[in-house]
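Okay, here's what each chain looks like letter by letter:
There are 2 protein chains.
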Amino acid sequence: MAKINKDYTKLKSSYLFSTIARKVREYEAANPGADIIRLGIGDVTRPLTPAITGALHKAVDEMGEAATFKGYAPDLGYDFLRKAIADNDYRKRGCDIADDEIFVSDGAKSDSGNIQEIFGRDNVIAVGDPVYPVYVDTNVMAGRSGVYDESTGMWSDIVYMPCLEENGFAPQLPQGEKIPDIIYLCFPNNPTGATICKNELQKWVDYANEHESVIIYDAAYEAYISESDVPHSIYECDGARTCAIEIRSFSKNAGFTGVRLGFTVIPKDLKVEGVRLYDLWARRHGTKYNGAPYIIQRAGEAVYSEAGRAEVRDLVGYYMENASYILKGLKSAGYSAFGGVNAPYIWLKTPEGLSSWEFFDELLREANVVGTPGCGFGPSGEGYLRLTAFGDKDRTKEAVDRISNLAKTM
Amino acid sequence: MAKINKDYTKLKSSYLFSTIARKVREYEAANPGADIIRLGIGDVTRPLTPAITGALHKAVDEMGEAATFKGYAPDLGYDFLRKAIADNDYRKRGCDIADDEIFVSDGAKSDSGNIQEIFGRDNVIAVGDPVYPVYVDTNVMAGRSGVYDESTGMWSDIVYMPCLEENGFAPQLPQGEKIPDIIYLCFPNNPTGATICKNELQKWVDYANEHESVIIYDAAYEAYISESDVPHSIYECDGARTCAIEIRSFSKNAGFTGVRLGFTVIPKDLKVEGVRLYDLWARRHGTKYNGAPYIIQRAGEAVYSEAGRAEVRDLVGYYMENASYILKGLKSAGYSAFGGVNAPYIWLKTPEGLSSWEFFDELLREANVVGTPGCGFGPSGEGYLRLTAFGDKDRTKEAVDRISNLAKTM
Numbered sequence: 529m530a531k532i533n534k535d536y537t538k539l540k541s542s543y544l545f546s547t548i549a550r551k552v553r554e555y556e557a558a559n560p561g562a563d564i565i566r567l568g569i570g571d572v573t574r575p576l577t578p579a580i581t582g583a584l585h586k587a588v589d590e591m592g593e594a595a596t597f598k599g600y601a602p603d604l605g606y607d608f609l610r611k612a613i614a615d616n617d618y619r620k621r622g623c624d625i626a627d628d629e630i631f632v633s634d635g636a637k638s639d640s641g642n643i644q645e646i647f648g649r650d651n652v653i654a655v656g657d658p659v660y661p662v663y664v665d666t667n668v669m670a671g672r673s674g675v676y677d678e679s680t681g682m683w684s685d686i687v688y689m690p691c692l693e694e695n696g697f698a699p700q701l702p703q704g705e706k707i708p709d710i711i712y713l714c715f716p717n718n719p720t721g722a723t724i725c726k727n728e729l730q731k732w733v734d735y736a737n738e739h740e741s742v743i744i745y746d747a748a749y750e751a752y753i754s755e756s757d758v759p760h761s762i763y764e765c766d767g768a769r770t771c772a773i774e775i776r777s778f779s780k781n782a783g784f785t786g787v788r789l790g791f792t793v794i795p796k797d798l799k800v801e802g803v804r805l806y807d808l809w810a811r812r813h814g815t816k817y818n819g820a821p822y823i824i825q826r827a828g829e830a831v832y833s834e835a836g837r838a839e840v841r842d843l844v845g846y847y848m849e850n851a852s853y854i855l856k857g858l859k860s861a862g863y864s865a866f867g868g869v870n871a872p873y874i875w876l877k878t879p880e881g882l883s884s885w886e887f888f889d890e891l892l893r894e895a896n897v898v899g900t901p902g903c904g905f906g907p908s909g910e911g912y913l914r915l916t917a918f919g920d921k922d923r924t925k926e927a928v929d930r931i932s933n934l935a936k937t938m
Numbered sequence: 529m530a531k532i533n534k535d536y537t538k539l540k541s542s543y544l545f546s547t548i549a550r551k552v553r554e555y556e557a558a559n560p561g562a563d564i565i566r567l568g569i570g571d572v573t574r575p576l577t578p579a580i581t582g583a584l585h586k587a588v589d590e591m592g593e594a595a596t597f598k599g600y601a602p603d604l605g606y607d608f609l610r611k612a613i614a615d616n617d618y619r620k621r622g623c624d625i626a627d628d629e630i631f632v633s634d635g636a637k638s639d640s641g642n643i644q645e646i647f648g649r650d651n652v653i654a655v656g657d658p659v660y661p662v663y664v665d666t667n668v669m670a671g672r673s674g675v676y677d678e679s680t681g682m683w684s685d686i687v688y689m690p691c692l693e694e695n696g697f698a699p700q701l702p703q704g705e706k707i708p709d710i711i712y713l714c715f716p717n718n719p720t721g722a723t724i725c726k727n728e729l730q731k732w733v734d735y736a737n738e739h740e741s742v743i744i745y746d747a748a749y750e751a752y753i754s755e756s757d758v759p760h761s762i763y764e765c766d767g768a769r770t771c772a773i774e775i776r777s778f779s780k781n782a783g784f785t786g787v788r789l790g791f792t793v794i795p796k797d798l799k800v801e802g803v804r805l806y807d808l809w810a811r812r813h814g815t816k817y818n819g820a821p822y823i824i825q826r827a828g829e830a831v832y833s834e835a836g837r838a839e840v841r842d843l844v845g846y847y848m849e850n851a852s853y854i855l856k857g858l859k860s861a862g863y864s865a866f867g868g869v870n871a872p873y874i875w876l877k878t879p880e881g882l883s884s885w886e887f888f889d890e891l892l893r894e895a896n897v898v899g900t901p902g903c904g905f906g907p908s909g910e911g912y913l914r915l916t917a918f919g920d921k922d923r924t925k926e927a928v929d930r931i932s933n934l935a936k937t938m
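Note that the protein sequences, when read in sequence, are chains A and B. The numbering of the first sequence is the numbering used here, which starts it at 529 and goes up by one. The numbering of the second sequence is the numbering used here, which starts it at 529 and goes up by one.
Hints in this document: simulated from the structure, not taken from any laboratory. Honestly, I wouldn't trust all of these hints.
Said to hold, decoys possible - Output of the computed footprint for chain B on chain A, the stretches with three or more beta carbons under 8 Å from beta carbons of chain B:
#1 733 to 741
#2 817 to 831
As the list claims (entries may be wrong) - Take a look, some chain A residues computed to stay more than 10 Å from chain B by CB distance:
#3 530
#4 536
#5 549
#6 571
#7 581
#8 592
#9 627
#10 634
#11 665
#12 685
#13 700
#14 702
#15 728
#16 767
#17 882
#18 910
Quick reminder that beta carbons are idealized off the backbone N, C-alpha and C, glycines included.
Only chain A is shown next, with the shape it has when bound in the complex (with noise of 0.2 Å):
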């Protein structure tokens, strides 16, 4: 008789995006024709600029002739684009990191909830608390989390870094007793937007050293960095290619969210055991994938051409003055509000007294626009809202001046 995996069944239903739909379809219902706008999902709204709809074109040409098509794909990536990462990700930044580090895939969501699986289901691992939720969700279903205590909404076996106000929502290095064996870090943040300059994050590259712990660092949002400390890699930190991974994605600087890209970086000097995680990596994408398709490997190299960076460079800039006019727009209409400097998430602080869902209602009701409330994301998220800097330059300014009328009547 064939039995499940139990592990997948402690996972809580994921009510968070699915309970701001039905709010959004039921405020519809009840008041035809509101004009209501999204700064929820994470989603972005641009078209792919010229440079890379013309590689896919070209892409797609050679796919249709004997001559030029091509079969499956290295599993590892196409070396073209390995080196065009390596080149401009890494090197062109001082990291030293060889093309043959890179491993090309379909995205940071599909790395960052596959990499556990090249770890024991015994350890330890510390997550920021509020969190993407996909590193815990996946070590839920794969037996690391232990029991789930409903008052405090947190896992027995998991070590949560709170990110509050006080500490610039950034985690702090772990005091307590249980020592973590992998720790992720995501900076720029998701949901908080907050990052962290070089000096602090070499303490956390000294502490995994020291401890033996792997960082898996999610570095997602790199392209929004502007402030000129903070580190676009943690390969800029003295030690990390022994005690660091780090997973990147083409969805938030070049608009591939649909388009499925990305990539995880494993030194060959970072070992477990002494087993290289490299190893273990190109195993599992040898087994269990096929390599990314060539038509978007070929997208992904269009990004670092001199086109593409240029156009990229403003795609980023548009979402990026949505964001400072978010940011700036609330702060001036009295609110708190946090993030947006080097990365596309406002962290808006709920108006004294009002829970994550309770302003999450008063803004859909009062000015009809969405956010996500905070407490989505953990515990600590709690009295937070965050906004995307995703959408429609007009739109984004229309949200803005609602909301900060609606502070007028609060």
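Following the hints, complete the assembly by docking chain B onto the known chain A.
The following block gives chain B in isolation, referenced to the frame of chain A:
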């Protein structure tokens, strides 16, 4: 201190294709200018057809315009593709499968590797022998294999179902004391090219329902079926909705090995320990996967258009002519050869006394043709060689002529 997944280290290194590549390299170095024909790897060679490249170009254009740009795809696939699949591959054949029982993915390799994750570690799995290595390797990585026995080439906890000449290279219902909980079946079969008639497949469905086992039915080569009593889907059998998962691919019918698209079917009636596997797989997709690219789902849809269906039929016809030529040519030259009628693989018996690798070496040396040693797919593959029909027509004929001439000298 971090710990690795020790089950990963149990895996035998996949020497098969790397050993083949090394032997060919060495032969070429020693014999410059040798005209080598590769019938080893199961990768397609014909270009994408016009209906498919047309759909890709159109979708790329949509992605380049703000009004038609698509961000994140639905995790489980776009409705237009799920409907096209359910209509054409199932309901038109009388199989009762709903649109939303189709889970679109980046390919059958990923799905057949990931599907084991929704089952507990304590399941006994059964596989054909020889077999597509992904089924075994992913269960080794998940800790279900037990210990490897070098002398037999088998894992202690896996039930092997020998596929031999006397049983038409189809596995027989397990007779031993170990009742498997999860049964992998692949028809048309890779590597033997064998098929199963509907009556025989019905026995497997009945067995699974009786023992509450789950069948994972890999039908990646379904498009190559040419005989009328061979089922195209396991859902043609009564009762399959309560015991079977089916995995399909666009790789081998539409030439998508480098495009990446496949799907898994899980009927909502399939429950294990009272839990719908449908819900577990949906949860996996939602947590660890972000959907197949929009442009590629549109290409998949085009496969089912009127023009696409005709083009794909021609494509399969091209390869099946190769298969037929190989099968007939080798038989008339005195070889024992199997498969090739409902599958793009020919399972060639080595001349008396030769092992798989000895015959591989002989073919490489004397005919400059590369096959795949059958022993690489499992112990019962010893004494066979797999040839594929995915090559160029003229080169394939040339290879057959050379192998035939070789017979005369042996």
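Verification of the hints:
{"no.": "1", "hint": "733 to 741", "in the structure": "holds (count 3)"}
{"no.": "2", "hint": "817 to 831", "in the structure": "holds (count 8)"}
{"no.": "3", "hint": "530", "in the structure": "violated, 4 Å"}
{"no.": "4", "hint": "536", "in the structure": "violated, 5 Å"}
{"no.": "5", "hint": "549", "in the structure": "holds, 13 Å"}
{"no.": "6", "hint": "571", "in the structure": "violated, 4 Å"}
{"no.": "7", "hint": "581", "in the structure": "violated, 4 Å"}
{"no.": "8", "hint": "592", "in the structure": "violated, 4 Å"}
{"no.": "9", "hint": "627", "in the structure": "holds, 20 Å"}
{"no.": "10", "hint": "634", "in the structure": "violated, 6 Å"}
{"no.": "11", "hint": "665", "in the structure": "violated, 5 Å"}
{"no.": "12", "hint": "685", "in the structure": "holds, 14 Å"}
{"no.": "13", "hint": "700", "in the structure": "holds, 20 Å"}
{"no.": "14", "hint": "702", "in the structure": "holds, 14 Å"}
{"no.": "15", "hint": "728", "in the structure": "holds, 22 Å"}
{"no.": "16", "hint": "767", "in the structure": "holds, 15 Å"}
{"no.": "17", "hint": "882", "in the structure": "holds, 29 Å"}
{"no.": "18", "hint": "910", "in the structure": "holds, 23 Å"}
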